[in-house]
Amino acid sequence: MAVVYEKPHALSDLELHYCPGCTHGIIHKLVAQAIDALGIEGKTIGVAPVGCAVMAYNYFNCDMAEAAHGRAPAMATGIKRSLPDRIVFTYQGDGDLASIGMAETVHAATRNENITVIFVNNAIYGMTGGQMAPTSLPGQVTQTSPYGRDVKTAGYPVRVSEMLSTLTGPEYIERVAVNNVKNIRNAKRAIEKAFRNQMEGKGFSLIEVISSCPTNWGLSPEEALKWVDEKMIPYYPLGVYKDRSASEAKEA
Amino acid sequence: MSEKVLMKGNEAIAEAAIRSGCRHYFGYPITPQTELAAYMAKVMPKIGGTFLQAESEVAAINMVYGVAGTGKRVMTSSSSPGVSLKQEGISYIAGSDLPAVIVNVQRGGPGLGGIQPSQSDYFQATKGGGHGDYHLIVLTPASVQEMADLTALAFDLADKYRMPAMIMADGTIGQMMEPVSLNEIEPHPVEKPWAITGTGMARKHNIINSLYLDPATLEQKNFERFGRYKEVEANEVRYESFMMDDADYCLVAFGIAARIAKNAVAALREAGIKAGLIRPITVWPFPKEAIAEAADRVKAFVSVELSMGQMIEDVKLAEGCRKPVYLCNRTGGMIPEPEQVIALVKSLEGGEN
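Chains as they are written, first to last, in our numbering: chain A, 193 to 444; chain B, 2 to 354.
Just to be clear, a hint being listed does not mean it is correct.
[To be verified] Cβ-Cβ distance ranges computed for the label pairs, FRET-style:
(1) A/Asp-277 <-> B/Glu-225: 30 to 36 angstroms
(2) B/Pro-190 <-> A/Thr-302: 30 to 36 angstroms
(3) B/Lys-222 <-> A/Cys-211: 24 to 30 angstroms
(4) B/Arg-239 <-> A/His-201: 45 to 51 angstroms
(5) A/Thr-345 <-> B/Met-335: 44 to 50 angstroms
[Stated by the list, open to error] List time: in silico DSBU-like cross-link candidates among lysine-lysine, alpha-carbon distance up to 30 angstroms:
(6) A/Lys-235 <-> B/Lys-193
(7) A/Lys-423 <-> A/Lys-385
(8) B/Lys-222 <-> A/Lys-235
(9) B/Lys-205 <-> A/Lys-199
(10) A/Lys-385 <-> A/Lys-418
The hints are simulated quantities; they were obtained by calculation from the structure and are not laboratory data.
Even glycine gets a Cβ: it sits at the ideal position worked out from N, Cα and C.
Could you put together the complete structure from these sequences and hints?
Listed below in structure tokens is the structure:
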């Protein structure tokens with residue numbers, strides 16, 4: 193009998209702790225599939241964040257480290273500088289990467305650190321129970337913006353991909369989503385490319401994945417996916433924001 | 002006998018680290034430790050090592066955390082305000098049972114303080130520093146030679162006990178030039194089967210981690226760690242005892258303060274007062290037994306410090322309220338003169354006559 197589908201080898205057999213309808217599971221699978229497809233599990237080292245994906249170190253079969261909140265790009269920098277022939281990735285949420293870890297993110301990018309960053313943006317702090325994130329939308333109701341995010345006092349959501357693409361340093365920046373099959377297939381391609389870039393020594397690649405959080409958005413899983421389409425993606429347009437190698441090839 | 006070279010204390014640490022097999026250094030500019038980073042910046046690229054000027058002290062220590070996880074020898078250095086920033090990462094490194102070497106060339110505080118020498122980070126260094134139950138091995142050099150020797154020792158002890166070690170120097174020793182011999186330094190590497198180096202598809206994945214959501218497991222981890230700390234306390238206490246055999250007055254001082262105290266001891270002896278010095282070389286573990294033993298014989302202790310009196314608490318705990326303990330100090334970047342120490346001890350002697 194032909195195998196038409198199986199769990200990626202790089203993903204462990206443990207039951208994921210994520211809430212029903214959360215898309216972290218899909219994103220974990222896409223990362224593991226990329227590791228499988230490139231045959232790099234034995235030489236890959238992952239860095240987990242603080243946030244909902246804090247226990248990602250249990251879910252990937254490659255060597256893993258658990259960083260302090262926001263410091264994954266710094267920790268990954270240390271690992272990569274120590275072992276330049278290994279493949280090093282971070283997996284971070286929006287609070288981790290775009291708030292407390294913004295400095296580490298920007299500087300790893302501007303150094304073009306040869307690592308792969310998977311940035312999961314669901315516009316909320318999930319693990320701590322739904323507080324306002326740096327990426328929460330204007331007017332979005334959260335535990336710490338109970339009257340909706342007021343841009344006059346809380347400022348505007350950060351568009352990480354756009355911001356990082358203004359830097360000369362990084363190799364590749366793309367924003368994808370995982371709210372429907374078409375977007376998931378595209379996200380799979382993007383994530384694999386981000387790992388391949390590292391194998392080819394091209395440098396810092398960040399894939400921003402627009403994700404959903406039904407629990408803390410107070411929506412059903414299905415409504416949450418719709419909310420991604422109707423609210424998130426208009427503010428966070430999908431697409432390739434920076435591809436230095438492709439741009440250089442075009443200019444040449 | 003090996004050849005001696007003239008070096009600054011900060012440079013001696015850097016060269017000793019390299020000779021100890023350290024090939025990864027991460028730092029952020031701050032006075033008065035800059036020579037150390039500059040030395041690393043010059044040498045590391047030439048020997049295939051990493052020098053990286055991080056975006057912050059926070060980033061630097063987390064880069065150290067990453068390298069430490071891979072099992073390689075790694076160092077960062079800073080001065081007091083920068084070391085405060087590193088406490089988060091140091092706590093994670095301790096909580097993940099990783100070896101690393103952190104250098105604090107202390108300056109006056111609190112806050113931005115000043116840039117002159119100080120010893121006022123004693124509490125921070127010896128009582129943990131960051132959050133949670135943990136210790137560092139804290140070594141306190143009193144000469145440029147010791148800056149080198151204790152750096153080599155710090156790497157070996159950190160590896161042996163899987164815990165961070167700190168060189169706690171001060172701006173004076175950091176900036177001071179003295180002849181130093183480096184040829185004896187050789188690394189003593191240990192096996193690190195726990196390191197994250199890639200599974201090679203040949204073993205189960207290793208995880209570098211300090212998170213244990215089950216309180217019973219976390220408690221057990223802390224018990225195990227403190228079991229190792231007990232071994233450190235049993236095996237790694239280091240101190241120098243100077244003219245203590247017949248001493249009536251025991252000065253206690255480390256680092257630059259110990260050099261001042263030593264001068265004071267010599268002068269007091271000339272004046273017919275039997276003074277001696279216990280110089281802790283490790284301040285964690287603290288030479289408790291040496292102090293306790295001295296308490297049986299001496300009339301009083303004098304803690305000589307470049308702080309408002311921090312080590313004095315450990316002296317008091319060690320001597321167990323048996324003898325009076327006096328503080329002789331300057332702070333904020335001021336350095337006590339030997340005369341200040343001499344005058345204090347003479348007043349004690351006079352008071353008893």
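Results of checking the hints against the structure:
1. As the Cβ distance of A/Asp-277 to B/Glu-225 is approximately 33 angstroms, the hint placing it in 30 to 36 angstroms holds.
2. A beta carbon spacing of about 34 angstroms between B/Pro-190 and A/Thr-302 agrees with the range 30 to 36 angstroms that was offered as a hint.
3. A hinted range of 24 to 30 angstroms holds for the C-beta pair B/Lys-222 and A/Cys-211, which are about 28 angstroms apart.
4. Between B/Arg-239 and A/His-201 the C-beta distance comes to about 50 angstroms, which sits within the given range of 45 to 51 angstroms.
5. In this structure the hint that A/Thr-345 and B/Met-335 lie 44 to 50 angstroms apart at CB holds, the actual value being about 46 angstroms.
6. A threshold of 30 angstroms between alpha carbons decides the hint, and for A/Lys-235 with B/Lys-193 the separation of about 17 angstroms falls inside it, so the pair holds.
7. Among the hinted pairs, A/Lys-423 with A/Lys-385 is consistent with the structure: their alpha-carbon atoms are about 27 angstroms apart, no more than 30 angstroms.
8. Distance check on the hinted pair: B/Lys-222 and A/Lys-235 sit about 28 angstroms apart at the alpha-carbon level, within 30 angstroms; holds.
9. Between B/Lys-205 and A/Lys-199 the alpha-carbon distance is near 18 angstroms, which keeps this suggested pair within the 30 angstroms criterion.
10. For the suggested pair A/Lys-385 and A/Lys-418, the alpha carbons sit about 27 angstroms apart, so the restraint of at most 30 angstroms is met.
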